[in-house]
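Asks: Chains as they are written, first to last, in the numbering used here: chain S, 1 to 152; chain L, 1 to 80.
Note that these hints are calculated values from the structure, not bench results. Ideal Cβ positions, reconstructed from N, Cα and C, are used throughout, including at glycine. Please note that the accuracy of each hint is not assured.
Pairwise CB distance ranges (calculated) [to be verified]: (1) S:Ala20 with L:Ser67: 47 to 57 angstroms; (2) L:Ala17 with S:Thr83: 42 to 52 angstroms; (3) S:His22 with L:His66: 46 to 56 angstroms; (4) L:Ala21 with S:His21: 47 to 57 angstroms; (5) L:Lys44 with S:Ala53: 46 to 56 angstroms; (6) S:Asp47 with L:Ala17: 54 to 64 angstroms; (7) L:His66 with S:Ala26: 30 to 40 angstroms; (8) S:Asp36 with L:Lys49: 52 to 62 angstroms; (9) L:Asn68 with S:Asp47: 24 to 34 angstroms.
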Amino acid sequence: MRTAIVDRPLDACALLAEVAHHRNGATVVFVGSVRDVNDGADVSGLDYSAYTAMAARELDGIAGEAAQRWGTPDVVVEHRIGTLDLGDASVVIAVGHPHRGDAFDAARYVIEELKKRLPIWKREHYRDGRSEWVAGSEAAGQVILSEAKDLR
Amino acid sequence: MTVRVLLFASYADAIGASEIALDLPSDARVRDVLSRVRAMASGKRVPDKPMVAVNQRYAADDEIVHSNDEVAIIPPVAGG
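For reference, chain L alone in the conformation it holds in the complex:
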């Protein structure tokens, strides 16, 4: 299955893209998405337990992802 992964701010700079598509097994969890991203070139600049949102809601790293989900890796936020 394919999931869309969104990257922002310093993480987008590290990976060199603001959006990537990953092909994953159907029982994949958030932590599997993270391992794949961290295996990319410069991926280690993304921490092993960053904040993550699935379909625009904060998610724990054991949450199951589904085909066509939007998984966002969220750097420490700095709004306000």
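Same shape as in the complex, but just chain S:
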């Protein structure tokens, strides 16, 4: 298991190779990337910023939860920060597991949890010259507050 917050382009193939093992009958690689339209506005690029030390710790915690719950050591996650162009990968999650259902479920768990818990923000730049912080979900925040004590 390995996780990292990085400020360089992500290489999904490298993460795929990292979780390769003969015990695994299935490998799932999830790639999240920068989309050209958000809420009807034409996006030209974006900047990710992070509370880096906490994001690294939280991402490690999430990957560890997935590894433990689905019983595989082969969970590798990288999240990129900094300036990204359209199509650039912002997050790559690779999970190797003996069985495909568990591989899919573990990868899905990691992406859903990191979207709720990672202290990372993105500022979108639009074709018309505007830029804005993307609004995260307030509902997710309330979940985190109510779970804060359980997580400790």
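Based on these hints, arrange chain L on the given structure of chain S.
Replies: Relative to chain S, chain L alone:
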């Protein structure tokens, strides 16, 4: 006692700083840190119950803060 308060993204823009130092009574809780920040100029742009982390762990608003703690006020997150 002094605590470091970290601000990010839209909250840093609102307060005009990414880090401030606050002098607080020794029995202060997370919610006291929030009231002080919200009393600053443009502080009302920080909601009254935002996500908060103390020393890089999510914390409830009744958690006690200690001298030299790092208290981060976390805007709704948008990673992934």
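Asks: Give a verdict on every hint.
Replies: Hints and how they fare:
no., hint, in the structure
1, S:Ala20 with L:Ser67: 47 to 57 angstroms, "holds, 49 angstroms"
2, L:Ala17 with S:Thr83: 42 to 52 angstroms, "violated, 23 angstroms"
3, S:His22 with L:His66: 46 to 56 angstroms, "holds, 49 angstroms"
4, L:Ala21 with S:His21: 47 to 57 angstroms, "holds, 49 angstroms"
5, L:Lys44 with S:Ala53: 46 to 56 angstroms, "violated, 28 angstroms"
6, S:Asp47 with L:Ala17: 54 to 64 angstroms, "violated, 19 angstroms"
7, L:His66 with S:Ala26: 30 to 40 angstroms, "violated, 46 angstroms"
8, S:Asp36 with L:Lys49: 52 to 62 angstroms, "violated, 35 angstroms"
9, L:Asn68 with S:Asp47: 24 to 34 angstroms, "holds, 31 angstroms"
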